[in-house]
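So you can see what is in the structure, the chains are spelled out below.
There are 4 protein chains.
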Amino acid sequence: MAKEKMNVAVVGATGYAGCELIKILLGHPEVTITSVSRRAEGSDRISDIFPVFRGQLELPCENVNVPRICKSADIIFLSLPHKVSMIFVPEFLKAGKKVIDLSADYRFKDAAVYEKWYGTGHTSPELLKAAVYGLPELNRAEISKSGFVANPGCYPTGSILGCVPLLKEGMIDVSQIIIDAKSGATGAGRTPSLALMFSETNENLKAYKVNQHQHMPEIDQALSDAAGSKVEITFTPHLVPMNRGILSTIYMTLRKDSSAEELLKVYGRFYKDAPFVRVLDEGVFPETKDVLGTNFCDIGIKVTGKRAIVITAIDNLYKGASSQAVHNMNLMQGFDEKLGLV
Amino acid sequence: MAKEKMNVAVVGATGYAGCELIKILLGHPEVTITSVSRRAEGSDRISDIFPVFRGQLELPCENVNVPRICKSADIIFLSLPHKVSMIFVPEFLKAGKKVIDLSADYRFKDAAVYEKWYGTGHTSPELLKAAVYGLPELNRAEISKSGFVANPGCYPTGSILGCVPLLKEGMIDVSQIIIDAKSGATGAGRTPSLALMFSETNENLKAYKVNQHQHMPEIDQALSDAAGSKVEITFTPHLVPMNRGILSTIYMTLRKDSSAEELLKVYGRFYKDAPFVRVLDEGVFPETKDVLGTNFCDIGIKVTGKRAIVITAIDNLYKGASSQAVHNMNLMQGFDEKLGLV
Amino acid sequence: MAKEKMNVAVVGATGYAGCELIKILLGHPEVTITSVSRRAEGSDRISDIFPVFRGQLELPCENVNVPRICKSADIIFLSLPHKVSMIFVPEFLKAGKKVIDLSADYRFKDAAVYEKWYGTGHTSPELLKAAVYGLPELNRAEISKSGFVANPGCYPTGSILGCVPLLKEGMIDVSQIIIDAKSGATGAGRTPSLALMFSETNENLKAYKVNQHQHMPEIDQALSDAAGSKVEITFTPHLVPMNRGILSTIYMTLRKDSSAEELLKVYGRFYKDAPFVRVLDEGVFPETKDVLGTNFCDIGIKVTGKRAIVITAIDNLYKGASSQAVHNMNLMQGFDEKLGLV
Amino acid sequence: MAKEKMNVAVVGATGYAGCELIKILLGHPEVTITSVSRRAEGSDRISDIFPVFRGQLELPCENVNVPRICKSADIIFLSLPHKVSMIFVPEFLKAGKKVIDLSADYRFKDAAVYEKWYGTGHTSPELLKAAVYGLPELNRAEISKSGFVANPGCYPTGSILGCVPLLKEGMIDVSQIIIDAKSGATGAGRTPSLALMFSETNENLKAYKVNQHQHMPEIDQALSDAAGSKVEITFTPHLVPMNRGILSTIYMTLRKDSSAEELLKVYGRFYKDAPFVRVLDEGVFPETKDVLGTNFCDIGIKVTGKRAIVITAIDNLYKGASSQAVHNMNLMQGFDEKLGLV
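One line per chain: the protein sequences are E, W, P and L, in this order.
Going by my numbering, the first sequence opens with residue 1, and the numbers climb by one from there.
Going by my numbering, the second sequence opens with residue 1, and the numbers climb by one from there.
Going by my numbering, the third sequence opens with residue 1, and the numbers climb by one from there.
Going by my numbering, the fourth sequence opens with residue 1, and the numbers climb by one from there.
Bound conformation, chain E alone:
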């Protein structure tokens, strides 16, 4: 009667995505967190690092020790920075563990693209083919059969979900895709820097890494796959004075005149089996607060002449990271895909 739960480990537990991942896993009925770790010496409890966990999870957060983690857990979430993740992933895979990697290290099919945009050689390029890109709305079947998932980046999640239905139908000019994305500050991580201090970010708005953000090639890869040909995107990320949420305003050029109604049908059809994508009624546009703390991606559409404006909203830490990782786990384990998620 007492059904056994799966043991899971969170490697890289000290960032914002790691924190939210732990919150979700704590509420998941089929798993137990048996290990949390980080890439640093010390033996703070996780509840010292994130006091929200006081009385909820009192595990020590030790330096990553692969053998010890492998003993305690069967599913490994890695929420480490890129370059660091690939130090450990091969070992967990070799040990036969299921791996869900939230870093960028295994998102690319082509190591050269990774090396160009992340400025470092890839130390296990042979594993790139094995990793399934963990966007359930695109790759549900592959994820379900896989033991190794590369969880998408936050900007890519919102951008790809907004473009793919039209690309799949061949309805837009693949050389004219503009993504104007706006993110809350947790998207920039938890490492102290002047630009991310409250007094600098509050009451301020700026674009950054204009058309050279490292998430661009990831978007490019997914959209080109969907289109069946190389797309060309313009991508401008912005930093917004809020903690969480990404709103992506996407401008596309339609190949032939189509109404918003027709486009909404395309999106509705494409996402009809996707429990976490909500296509909004004509004239309604998403707001980040309506997806906050959820795994939802909300999508609104406007058409004006040959221009389609598609707006998507996600919670960057949930659908853009942690809850999507748990969604992937649900698929990999054969659980109900909505289990433990809102």
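Warning: the hint list may mix true and false statements.
Identical chains share a label here; the pair holds if one copy fits it or two copies do between them.
Said to hold, decoys possible - Mimicking DSS-like on lysine-lysine, the simulated pairs with C-alpha atoms at most 25 Å apart in a straight line are: (1) LYS116 x LYS306; (2) LYS230 x LYS97; (3) LYS265 x LYS209; (4) LYS256 x LYS83; (5) LYS129 x LYS97.
If you're looking for bench data, these hints aren't it; they were derived computationally from the structure.
Place chains W, P and L on chain E using the hints.
Using the frame of chain E, we list chains W, P and L on its own:
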């Protein structure tokens, strides 16, 4: 020795632009505020409405009374809602006063455009020709000779300044202008509504009036003028959880390949005599905090292939309203155009 | 095998507490929401009012109809304004329903106190005795046996939990209790007003209703009960530019010298069976972010001479309203008291 | 006719107070900034450090070089961290310069107090007597005659102004002063740290350094001076998610019953010649937004029984630092004390 100052009136003093206008005028060495009024009964002091003025300006803020205002002031700023401004402007003009109107009522050359977008008949269309559009960077000479200026809207200020140099040079495709604009909440005014409450706007980001904002035809008029032909713009305004600032990210298609360097030269040339436009070095992009409380518009440029990304930042209440109005006054009065402004 | 769930209704579903209550109930394994209603005509779906519920809860949110609600649910949560709640509570009780009322209407033992502070006659004073004050840390046993709970106010929850252990032990001067409380803006409700607009509340801090807030008599009643004699409190609430959270900084005068260590023991003992109160180590003080979205109340203590400084943090919408209501339901139903809660 | 302006230097120009100080001095009609410097190598322009100054002030911001600064300026503002300021102040004084030091280094009469609270030996204790504590409302005459002013801390400014009138009149129990102070994040400075990152501070509220903040002895010294006997204060600072502003809620015990009206008279009398203190009407309480960007301190008062609640609001970077420094300069130079200030 005691040089006489000009007497000025602020009609419509209870909104955010009115408040900032009073602040600037209080610090202006050549004027004295002799009258503040509003469109409502009551006789609160302005320092009851805006306690920041306690001890600084204790005038009563009475219902608009044109004859009384005309007796006390020679320059009239109107910071009233559209439709309301045109009730009073003709009377002030008839009385021979200089008028700077911050509403939309006299910004259009074509009454039909106004009537379509503002949903009301225009009651003094014959005055539209007389009004000079008060964007000093475009119309310095006309403003200097005029007694009647229609002060630009906030979104139009940031958008127009970002597009005009390239349009004047014929360098861009006039049918492919996309303006993705983001504004702080003061831009939405001071009338209570659910959507503007702190708990709704804070930690939220949304687009609104997607491609149907009433500032579109104003942008359209100025850009078409500059281009010498009808432009076509796509315009998406967003509400950002901050009090002040507008960042406009503008996507344009270049007619032929040009480098960022070449474009920067075009902008530098166009704005070389404009003390309040700062064209940033290549690779540097504006942030709203750097123009906060100033009359500056900062402009940054990126080129990628045929795409030019131009980003402008203004303070919506200053360059987008109040300080621009004072700039116009300086020009109309023959003062140093920077007087009383930062 | 398919265990039957309890049917619950949320009456007054359009405020912030109502919204969060629905979120919690949607995730609760033992209940089904069968009815949501409000005090207004119309038939919007709850997902139109709070788009976060799109696809999660699509019930219509109709005007309160007691017979219809009684047919569909056995447990009734009322999240209505004071004065309005007492219109309906007697009817639900008469119909034999279990009632958890989040308003102030049944929190007082003495109708005269209610009438003085809420400025209205009480229409069912005979029910005041029947209602149990729903602070589980004080009244767990009574709540567990009751069918009618008056859920505490947000400020009272944080204040009472911070004072009661010392009062019960007779350790403090009952005439010298100062509570300096600071709340996020959702505490002020969802009715539009100038003072609560984003542009007024953001980048601002103020005290309000200084020593005359309607939550004072509620704190007074609970503290006097605990002390066994009439206490005298000074209470200053402040509005802080954040959505959620209350931090209460409480200054008390110790009757005799005691160390922080001794006080911490008193608190530890008092709350040893309270799963949702966390007494922090000496030198550690609570932050609202660590209780956000949880039912926790965190407590930190400092002693200096005869002065005890006790600081408590709660989420005003959770422990201060919705999650505490569900905690009460868990007790009333004999569920595990932590069920469905964090 | 072209009256000569004074040359001023800002030493330690890279913090928030330094930035605002430059803004104020740029608008001051009697001074010219001839030098800005910092305690670090490099030769960035000040407009690279604070882009708001682009086109307004393009001076290089070099490492502090006392002889060079002495050549270029006659009035020296030091906005350096404590411990660092006292490295340079003696040299500037020896060179015969007027010095306004914004650090804590010369605020104390007793070097031992400084050494205890700031954890370092004082390297020029002989100068402590020479420095005038630059709170104009208390020490206008001395400041006017002085060449060396120690500018008060931000918390002390708001706290002292709220307490002194009652202490001078002997109206309160000197052993029962509780100051519950709340500050925006710029008060914590500009050095990156995890606790001050946007994602940590936004949507959060906390107390810190509870009754052990280094500003306590400064408040203590001024209040004891005013009372003529040693006072005892309890002081709890809080970090509020806003950039600027300090609200101090002060609880005092009256020696005998007095009405708010009587207290307001005491305050009105005490501040009748202070142009930057505004005593509010009974029932009105200050808000930080009403003093933002000004040199004002607003004060509101409530009396309940023997308890006086005095609430003060200042802009921590203005009245709590930069504008107060300029106020001091105005007095030292014999300028109109309001010159260049709001």
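Structure-based check of each hint:
no.	hint	verdict
1	LYS116 x LYS306	between (35 Å within a copy, 23 Å between copies)
2	LYS230 x LYS97	neither (35 Å within a copy, 62 Å between copies)
3	LYS265 x LYS209	between (35 Å within a copy, 22 Å between copies)
4	LYS256 x LYS83	neither (43 Å within a copy, 40 Å between copies)
5	LYS129 x LYS97	within (17 Å within a copy, 60 Å between copies)
The structure fails hints 2, 4 (numbered hints given earlier, in ascending order).
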